Amino acid sequence: MITDFLASAYPWTKALHIISIVAWMAGVFYLPRLFVYHVEKVEPGSETDRLFQLMERRLLRAIMNPAMTAAWVFGLCLVFTPGIVDWSMLWPWTKAAAVIGMTWFHHWLGYRRKDFVAGSNEVSGRTYRIMNEVPTVLLVVIVFSVILKF
1 MITDFLASAY
11 PWTKALHIIS
21 IVAWMAGVFY
31 LPRLFVYHVE
41 KVEPGSETDR
51 LFQLMERRLL
61 RAIMNPAMTA
71 AWVFGLCLVF
81 TPGIVDWSML
91 WPWTKAAAVI
101 GMTWFHHWLG
111 YRRKDFVAGS
121 NEVSGRTYRI
131 MNEVPTVLLV
141 VIVFSVILKF
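Numbered by this note's numbering, the letters in the sequence shown go through residues 1 to 150 in order.
Just so you know, the hints here were simulated from the structure itself, not pulled from any lab data. Since we're looking at a predicted model, the values are computed, not measured. Fair warning: there could be bad hints in the mix.
[To be verified] Derived DEER-like restraints, expressed as beta-carbon distance ranges: (1) 49 <-> 104: 22 to 32 angstroms; (2) 124 <-> 4: 50 to 60 angstroms; (3) 1 <-> 97: 23 to 33 angstroms; (4) 133 <-> 19: 16 to 26 angstroms.
[Said to hold, decoys possible] Once the Cα atoms are required to be at most 16 angstroms apart in a straight line, the calculated EDC-like pairs of lysine to aspartate or glutamate come out as: (5) 149 <-> 86; (6) 41 <-> 122; (7) 14 <-> 115.
Ideal placement from N, C-alpha and C gives every residue a C-beta, glycine not left out.
All chains should be modelled from the sequences, with the hints used to inform the complete structure.
As structure tokens, this is what we get:
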């Protein structure tokens, strides 16, 4: 039965979930910082602009997208593992809301990358700096939810 498999694979699933989250968070923290430098220091259409676009595309497609997908897959496996999540408590709901927020932020970054490609970015470096704090706040909510189980 699938629940028996999930229960026996729990330590592996948890480890892979944590690894996925670490990779995802690295990208979610780094990409907005790249956008700050891209918007503030790079002339649109220049060789440096193309280099930044290449770095941003590779970070998003080769690291962030697979890591987010893996975090979701392994996270859902943990959710369906018997005895791991008690939905009558508050913590899984706060974690779920924060993970959905993190996913929204990830996609927001993807749309901003497309703006740079199209030469239509209108977001300032200051806004990217402020938005760079969003994943930190969400990470705090996620970690406190899971560890403290409030």
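Hint check against the structure, violated hint numbers in rising order:
7
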